[in-house]
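Listed below, chain by chain, are the residues.
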Amino acid sequence: MQMRIMWRRCLSTSAVGLWDNVGLAPKDPILSITEAFLADSNPNKINLGVGAYRDDEGKPVVLQCVREADAKIAGSEFLESISRQGSLTLIEESVKLAYGETANVIKEGRFAGVQALSGTGACRLFAEFQRRFQPESRIYLPVPTWSKYSLLCTFSVPFRAYESQCFVSSVKYFLLNIRVPLSTVEICSSALRSHHNIWRDAQVPQRIFHYYHPESKGLHFSALMDDVKVKNHFPFFDMAYQGFASGDLDRDARAIRIFLEDGHLIGCAQSFAKIMGLYGQRVGCLSVLCLDAKQAIAVKSQLQQIARAMYSNPPVRGALLVSTILSDPDLKELWVKEVKVMANRVIRMRATLRENLEKLGSPLNWEHITNQIGMFCYSGLTPEQVDQLMKDFHIYMTCDGRISMAGITTGNVDYLANAMHEVTKSGQEA
Amino acid sequence: MVISLASASPSASPAMLENLKAQMKLGSSHVMFRKEKANPFIKTQSSGRITMALAVNVSRFEGVTMAPPDPILGVSEAFKADTNDMKLNLGVGAYRTEELQPYVLNVVKKAENRMLERRENKEYLPIEGLAAFNKVTAELLFGADNPIIQQGRVATVQGLSGTGSLRLAAVFIERYFPGAKVLISSPTWGNHKNIFNDSRVPWSEYRYYDPKTVGLDFDGLISDIKAAPEGSFVLLHGCAHNPTGIDPTPEQWEKIADIIQERNHIPFFDVAYQGFASGSLDADASSVRLFAARGLEILVAQSYSKNLGLYAERIGAINVVCSTSDAAARVKSQLKRIARPMYSNPPIHGARIVANVVGDPALFNEWKEEMELMAGRIKNVRQKLFDSLSAKDKSGKDWSFILKQIGMFSFTGLNKTQTDNMTDKWHVYMTKDGRISLAGLSLAKCEYLADAIIDSFHNVS
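From first to last, the protein sequence lines are chains X and F. Its first residue numbered 1, the first sequence is counted upward by one per residue in UniProt numbering. Its first residue numbered 1, the second sequence is counted upward by one per residue in UniProt numbering.
Treat the hints with caution; some may be incorrect.
To be verified - Covered by chain X, according to a simulated footprint, are these stretches of chain F (three or more residues, beta-carbon under 8 Å):
# : region
1 : 60 to 67
2 : 104 to 117
3 : 184 to 195
4 : 315 to 328
5 : 388 to 395
What the hints contain is simulated information worked out from the structure, not anything from laboratory work. Even for Gly, the Cβ is constructed at its ideal location relative to N, Cα and C.
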């Protein structure tokens with residue numbers, strides 16, 4: 001640092017800059033895909049990297065319930081008092097959604113809830129809180145594993161072997177996507193990268209745990225819960241797709257409710273980005289369950305303290321929209337219907353894609369397309385096949401073979417199936 | 001074993017942290033066996049067997065203590081609870097009209113209506129924010145025809161108002177200039193310390209407020225900045241210093257720039273009141289432009305909370321002026337990397353409002369008029385308060401600092417006991433450091449406030 005400063009003094013200001021040691025960050029892979037897609041002039045091109053829902057014409061969607069809430073809020077005077085209430089209502093409604101309207105933790109006020117900047121912000125707040133109050137702990141991030149040939153996966157390391165007092169991140173992959181996702185177990189798989197980066201920037205050490213597909217053999221699910229108890233792990237749920245996965249809000253929160261009933265105190269990050277189409281509004285909720293109301297108040301105060309040094313207060317708009325919708329029975333009913341529509345379209349596309357592939361006589365097993373749920377599908381395509389899809393068929397996806405179902409429409413599903421068949425029909429498994 | 005944690009405050013010293021580590025003993029756990037009735041609605045293999053109900057009965061958050069209450073929020077709460085007719089809330093940092101009501105700017109309502117009519121979508125913004133916003137915010141700050149913008153030498157990233165933008169910069173400093181210190185004014189906005197503490201950026205203070213003159217301790221300021229290790233970041237308030245309201249004169253700004261250049265320090269501006277201080281957007285940006293004109297590389301955090309009244313939308317930006325456009329591109333890419341694991345991408349609503357207002361000439365002019373009105377009201381209130389104090393106070397004390405200070409806040413020079421008297425006897429709510437918010441003062445209440453200040457100043461020590 002000294003040398004550089006001395007050198008700086010000798011040279012003119014324009015020749016040597018202060019930021020010389022700042023390298024160019026690697027480009028976001030999803031962004032690169034979008035850029036390549038936009039630059040492509042082929043009429044059949046498909047963008048399967050998009051992270052937001054699209055309708056059957058491939059257009060972004062603003063839900064009707066959101067439009068109506070927007071109109072209701074428009075021109076609100078004295079925004080300050082409204083925004084405070086909006087935030088409180090958001091939290092109340094969020095925890096009801098996650099834990100169930102009649103959950104004891106809610107009745108007894110045993111949760112610390114704060115509005116957060118969507119799912120990412122909620123995870124980050126929690127990660128910072130974890131580092132501050134459990135500095136010796138680690139976060140365990142789940143990595144799906146599977147065997148290509150048998151669609152069975154196993155615990156690579158028995159979960160019990162992990163040390164106690166560590167925090168676990170699960171759900172999004174484990175419980176919501178309770179079907180088998182695909183290979184590519186490096187931490188740089190797009191699904192995992194986000195969680196990894198969040199806890200890394202919060203300076204919480206990480207480990208990976210491989211998890212097992214619980215549906216086929218139910219006992220592993222309760223085995224996980226037992227392990228969590230024995231080892232005194234802390235389950236942290238990242239729930240970004242409640243309602244969006246199966247079409248049923250309660251069903252998608254089943255895992256959380258089961259843990260709750262089993263007596264666990266958990267943490268939960270909720271996002272309204274996909275489920276209400278409020279992507280750019282950045283609205284979500286972080287809740288941490290506590291032993292009693294007093295502790296909940298203390299935990300909440302600390303979470304707010306952490307947020308204060310990050311952005312002071314969360315943005316109001318998204319909170320107002322969510323709270324307006326969830327506290328108005330008609331709007332809420334409308335929302336529930338609209339979420340089902342989105343979920344059903346995705347489910348239909350999954351079925352169609354798989355059917356088409358099977359009709360084409362593909363030698364491979366494509367069950368996983370319909371076994372998986374949610375917006376994304378790990379296709380099982382290798383990086384080489386992905387590349388071929390891009391070059392020969394102008395179909396874009398991340399190199400781990402992850403497909404965004406939102407990018408598939410009745411208009412392009414045949415083309416997609418054909419293309420996928422072409423690049424895989426030799427039947428060679430990587 | 002219950003793990004008990006010492007209270008961990010954001011400014012925990014290394015010694016405290018060591019203590020914390022020593023107290024935590026991993027590996028042992030308190031085991032309780034309890035027969036639990038299996039839930040008949042859940043199909044699990046574990047029905048009927050003994051469930052180990054463990055640490056769930058002992059929360060790991062036992063040691064989490066209540067965070068200290070926010071000092072300013074406390075003032076508002078106390079004010080609300082006060083039933084006295086004459087009560088006055090001068091703690092609030094948000095603009096109020098003469099009727100002491102919050103104010104949503106007309107241009108903001110117009111912009112929002114347009115946005116509604118256009119039925120815009122709510123898709124994700126890119127990590128760096130709305131391009132249209134980033135463009136206008138940099139132009140507003142530096143001037144649209146500033147060569148540094150033409151040359152692509154400014155890296156601009158939308159941030160969550162001033163706080164969020166400062167935080168991005170703080171993390172950037174910690175990452176690329178580990179060990180470098182940030183120098184902050186004494187006093188400064190309370191949250192500055194929290195932001196640097198949480199980002200693990202060391203800081204120290206430079207003298208700023210002189211209680212004897214109720215003005216700027218210029219010699220102290222220069223001396224402290226000079227004495228700091230070379231290559232420190234110097235946090236400067238672009239205009240309308242918070243909490244004192246005391247800004248350097250143009251000549252003093254030149255000397256500050258001189259000493260910063262001499263010591264190879266990096267200027268780091270916090271601009272939360274552009275346009276709100278003097279009423280002129282350009283005049284309020286002159287300190288920043290002065291530094292930029294010298295060819296210095298600078299950081300500037302902006303906020304639209306006060307000047308566009310967008311407090312709750314959280315809209316601002318971090319700008320980094322670099323010596324080359326290549327450096328700007330690199331810096332921008334790294335700022336994005338910092339933002340992504342914090343909140344992925346910033347909120348759209350506030351960004352769109354700013355882009356609409358600043359990007360439309362008619363709305364922009366209307367905004368300038370509204371801002372002149374807001375700043376004008378503050379100036380009028382200052383004048384009235386000064387006149388009232390001068391008329392009523394026979395001691396010959398010089399109250400002109402009220403007129404010299406600028407912006408929303410004023411340091412009265414009252415000490416803590418005197419401030420308590422303001423609250424207890426006169427029901428005037430303010431912060432303990434003697435700061436009053438003129439935004440919360442109406443012309444109608446100036447005389448009353450003058451009485452309160454004179455009484456507290458002369459009759460209480």
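Do the hints match the structure? See the list:
no., hint, verdict
1, 60 to 67, "holds (count 8)"
2, 104 to 117, "holds (count 5)"
3, 184 to 195, "holds (count 3)"
4, 315 to 328, "holds (count 5)"
5, 388 to 395, "violated (count 0)"
The structure is inconsistent with hint 5 alone, although it conforms to all the rest.
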